[in-house]
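Taking the hints into account, I'd like the entire structure generated from these sequences.
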Amino acid sequence: MSFMLLMMEAPGKRQARPLDEGQAAYARMMAFQEKLRTNGVLVTGEALKSDDHAVRIENYGGKRTVSDGPFTESKEIIGGFFLLNCKTRDEALEYAHACPASEWGIVELREVASSCYE
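The letter at position 35 of the sequence shown is residue 35 when you use the UniProt record's numbering, and the numbering goes up by one with no holes.
Don't take every hint at face value.
25 Å max Cα-Cα, derived BS3-like pairs, lysine-lysine [said to hold, decoys possible]: (1) 35 to 49; (2) 75 to 13; (3) 35 to 87; (4) 49 to 13; (5) 87 to 49.
Distance windows between CB atoms, simulated [as the list claims (entries may be wrong)]: (6) 60 to 19: 21 to 27 Å; (7) 71 to 26: 46 to 52 Å; (8) 71 to 110: 19 to 25 Å; (9) 70 to 110: 47 to 53 Å; (10) 65 to 103: 19 to 25 Å; (11) 38 to 62: 46 to 52 Å; (12) 50 to 83: 38 to 44 Å.
Please keep in mind that the hints were generated in silico from the structure rather than gathered at the bench. Given the structure is predicted, the values throughout are model-derived calculations rather than measurements. Where a beta carbon is used, it is the ideal one built from N, C-alpha and C, also for glycine.
Right, dumping it as structure tokens:
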């Protein structure tokens with residue numbers, strides 16, 4: 001079963017962190033990623049740039065709107081993700097609990113659906 005771990009944090013929080021704290025947090029996330037790889041559950045994982053570099057596209061009623069980040073209305077930004085292949089939801093939940101990002105943000109566990117109507 002495929003699961004996505006989404007790491008979310010408040011906008012600007014990453015940039016406000018002192019450099020040494022940011023480097024230590026990044027090292028812990030890389031060690032966690034290596035643990036996922038060693039345990040054979042990691043499909044892929046990446047850190048994402050801040051929403052300063054993001055673009056939102058909406059198309060309602062034939063009218064397209066393109067908005068460049070940062071998005072001031074956002075309460076959280078997705079800072080990165082891990083795609084896991086686990087035998088059960090409980091196994092994926094164990095990895096979510098072990099993710100260091102939960103100490104400075106939110107880790108959300110989502111099962112990957114085979115259809116958007118599941």
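Check whether the Cα positions of residue 49 and residue 13 lie no farther apart than 25 Å. Answer holds: residue 49 to residue 13 is near 13 Å, not above 25 Å.
Verify the proposed pairing of residue 35 with residue 87, using a straight-line Cα cut of 25 Å. Distance ~17 Å between residue 35 and residue 87 Cα, so the pair holds.
Assess, step by step, whether the Cα of residue 35 is no farther than 25 Å from the Cα of residue 49, and give holds or violated. The hint holds at about 23 Å.
So if I understand the rule, the pair passes when the alpha-carbon distance is 25 Å or less; does residue 75 with residue 13 pass? Holds, at about 11 Å.
Okay, residue 71 versus residue 110 on CB: inside 19 to 25 Å? holds (21 Å)
A range of 46 to 52 Å was offered for this pair. Does it hold for the Cβ distance of residue 38 and residue 62? This hint holds: roughly 50 Å between Cβ atoms.
State, for the Cβ atoms of residue 70 and residue 110, whether the hinted interval 47 to 53 Å holds or is violated. For residue 70 and residue 110 the Cβ distance comes to about 24 Å; the hint is violated.
Could one say that the CB atoms of residue 65 and residue 103 fall in the range 19 to 25 Å? For residue 103 against residue 65, whose Cβ atoms are near 36 Å apart, the range 19 to 25 Å is violated.
Given pair status - residue 49, residue 87, alpha carbons within 25 Å: Status violated; Cα separation ~31 Å.
Whether the CB-CB distance between residue 50 and residue 83 falls inside 38 to 44 Å: violated (21 Å)
Does the Cβ distance between residue 60 and residue 19 fall inside 21 to 27 Å? violated (42 Å)
Confirm or reject the claim that residue 71 and residue 26 have a C-beta distance inside 46 to 52 Å. violated (24 Å)
The structure does not agree with the numbered hints 5, 6, 7, 9, 10 and 12 stated previously, though it agrees with the rest.
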